[in-house]
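If you're matching them up, the sequences are chains A, B and C in order. Mapped onto the working numbering, the consecutive letters of the first sequence carry residue numbers 217 to 421. Mapped onto the working numbering, the consecutive letters of the second sequence carry residue numbers 910 to 1125. Mapped onto the working numbering, the consecutive letters of the third sequence carry residue numbers 62 to 301.
One thing to keep in mind: the hints can contain errors.
Straight-line alpha carbon distances no greater than 20 Å define the calculated DMTMM-like cross-link-like pairs of lysine to aspartate or glutamate that follow [as the list claims (entries may be wrong)]:
| hint | chain 1 | residue 1 | chain 2 | residue 2 |
| --- | --- | --- | --- | --- |
| 1 | C | K72 | A | D269 |
| 2 | C | K211 | A | D269 |
| 3 | B | K911 | A | E297 |
| 4 | A | K417 | C | E66 |
| 5 | A | K317 | A | D269 |
| 6 | A | K231 | C | D210 |
| 7 | B | K1062 | C | E66 |
| 8 | B | K1062 | C | D210 |
| 9 | A | K231 | C | E209 |
| 10 | B | K1125 | A | D269 |
| 11 | B | K1125 | C | E66 |
| 12 | A | K336 | B | E1029 |
| 13 | B | K1062 | C | D185 |
| 14 | B | K1125 | A | D380 |
| 15 | A | K336 | B | D983 |
| 16 | C | K211 | A | E356 |
| 17 | A | K231 | A | E411 |
| 18 | A | K231 | C | E66 |
| 19 | B | K1062 | C | E206 |
| 20 | B | K1125 | C | D212 |
| 21 | C | K175 | C | D185 |
| 22 | B | K911 | C | D210 |
| 23 | B | K1125 | C | D185 |
| 24 | C | K72 | A | D412 |
| 25 | B | K1125 | A | D413 |
| 26 | C | K211 | A | E402 |
| 27 | A | K336 | A | E356 |
| 28 | A | K417 | C | D185 |
| 29 | C | K211 | A | D413 |
| 30 | C | K72 | A | D413 |
| 31 | A | K336 | A | E371 |
A short, non-exhaustive set of chain C residues, derived as facing chain A with CB atoms under 8 Å [unchecked claim]:
| hint | residue |
| --- | --- |
| 32 | P70 |
| 33 | H146 |
| 34 | D210 |
| 35 | R292 |
| 36 | I294 |
No wet-lab data here; the hints were simulated from the structure. The beta carbon of each residue, even a glycine, is placed where N, CA and C say it ideally should be.
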Amino acid sequence: MLLNVTNLNCRRGPKLIIANVSLSVTAGECIILRGPNGSGKTTLLRFLAGLSDNAGIKTYNNSIAYSGHLDGVKSTLTVNENLSFWAGIYATNNLDKVIKKLNLEDLSNNLVGELSTGQKRRLGLARMLISNAKIWLMDEPTSSLDTSTSSLIFEAINLHCKNDGAAIISTHINLNIPKSRVLNMEDFAVKREDEDDPFLKGSFQ
Amino acid sequence: MKSLILRDLRLAVRSGGGFALTLSFFLIVVMMVPFGVGANLDLLARIAPGVLWIGALLSCLLSLDRIFQLDWEDGTLEALATSPIPLSGIATAKATAHWIITGLPITIAAIPLGYLLNLETEAYIWLVASLSVGTPALSFIGAFGAAITVGIKRGGLLLSLLVLPLYIPTLMLGAQCVTIGSETPIKLLALVAAISLFCIALIPFACAIALRANLK
Amino acid sequence: MSLWEYANPAKFMALSARILPYLAIASSCLLLAGLFWGFFLTPADYKQGSTVKIIFLHVPAALMAINAWLMMLVTSLVWLIRRHHVSALAAKAAAPIGITMTLIAIATGAIWGKPMWGTYWAWDPRLTSFMILLVFYFGYLALWEAIEDKDTAADLTSILCIVGSIFALLSRYAVNFWSQGLHQGASLSLDKEQHVDNTFYLPLLVCIVGMVLLFLTLVLIRTRTEIRSRRLIALRLRGI
């Protein structure tokens, strides 16, 4: 078991977005979050990443890498500088391997500002690999990407899961990942009895 | 943390604005004073400590919003917040980098600017001493203000309103330390250093709470 | 039965609705009585004449200016540690009252200062401290206004209040070094109080108690308003 969540309620601002999420992730598993815009995929991923309150979330080896809508790269630094910065932050030494794996060797001395969107997304993926984290949380990793780059990213996820990692991904595209499990966000939709706004509790009786 | 400091320094150098902008602003602020109060050398000598300290403070203020804002906008802060480094460590690294980019050059630039303002000869040593032990406090307090306002668009004015009151004790003691005729500059210097150490020790935790609230 | 139960908004609303009328009546009676006693029934000071009577307004306002900030500090800590919503809202409610008290203290001080020292304003340590306190209040309120999400605003203003308190305190003592030799021995109101004899002291005490109750009344009213506005937000989100 890598991650265990019990009865998690997620708010965005004052609004309860999803309620009673219970979920456990084991090594090798890939979980795909599905649901329309506004169903709380991003909110759930942010909660799992520990960016919001993390009561009810239990991670077992405490290594999570999160990638949101933005790649977190600096356009005035080169590819190499960006990635070695993250290698320093995560204190890992697999930088060269990752660069080779994602075919970034030719780009490594280019400024990130000169790269295309797809290439930047590849850098975002490279950060996930560099982190050596067991659990990847990825929010729409393939948004605005063509099929070939998308499949590169899915291959990387696939490989990660094969190596006893796990991933939780929100995406619209059908993936070809063997041990994947689809989680429908509608199951966590907020019902009237879930609502627990502190300002309404006990007010109108 | 070391790589975070190094990256911030590299970014400051790359974008070109880093050192040069702060120093030019410091020069302009100091230059404006004789234009405003007249070129009477005695008067300038008397107000020089205060003017240099206020100039240092304003130049520091100018670059505060860059501490967290850029990383906030491109998603780096989110990624950093989920990395193994605690947020207080990130705040410490960022404030340190800010001090190297602004506090240190300001301290050095204060010497020639002091000459422009006819600062008394004996005061230079106290000027350099008080600025070098006082500017870390300015950077750390400023990082706290930047952490609070990071989620606010166009928060620059608010940032100044929040940070300047927090600068008051440092400014009072620091400028007083340089003023010739104050009986105990060494005591004042020790107090400025105490404020700096206090800020370095505790402000990062306040920054972490503020960043966490903003990332929610 | 613990004190924390009243941190629940519904309980707080019920309780505060019950005690507010008494509090309002008590505070207005005490303030009116105290001020009347102080202004009309005490003899004029042989040295300062009748100007001294402004202490009946000045001292209570100055005390409450500081106490309002202290209350904000305590409620901010309670919010950060125990996450009681009423606590955060009470801190927000207290700030404008604190500003008003600070302004009253500065204004009455200036009016009193003119006949006594011949100036409305001097950079005396105590006056300067009040000016600094005023700036801290402004920053605190501005931050509340600038942030859209209410809980985030509560978090950020709370931590600002705590850090601000530390630096306000530092300023209070740094001021002593800074204005050394400028206004030596210019200490006024608060030291004076210790020498006042009973004819002044008793009405002053009544005024202070009245002002404390007035502050409580206003904080309760404003906190109730804040809670109602949060209820409106919650109802709108629920889509009723």
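Practice item. Starting from the hint list further up, note which numbers the structure goes against and sort them upward. Key: 1, 5, 7, 11, 12, 13, 14, 16, 18, 22, 23, 26 and 28
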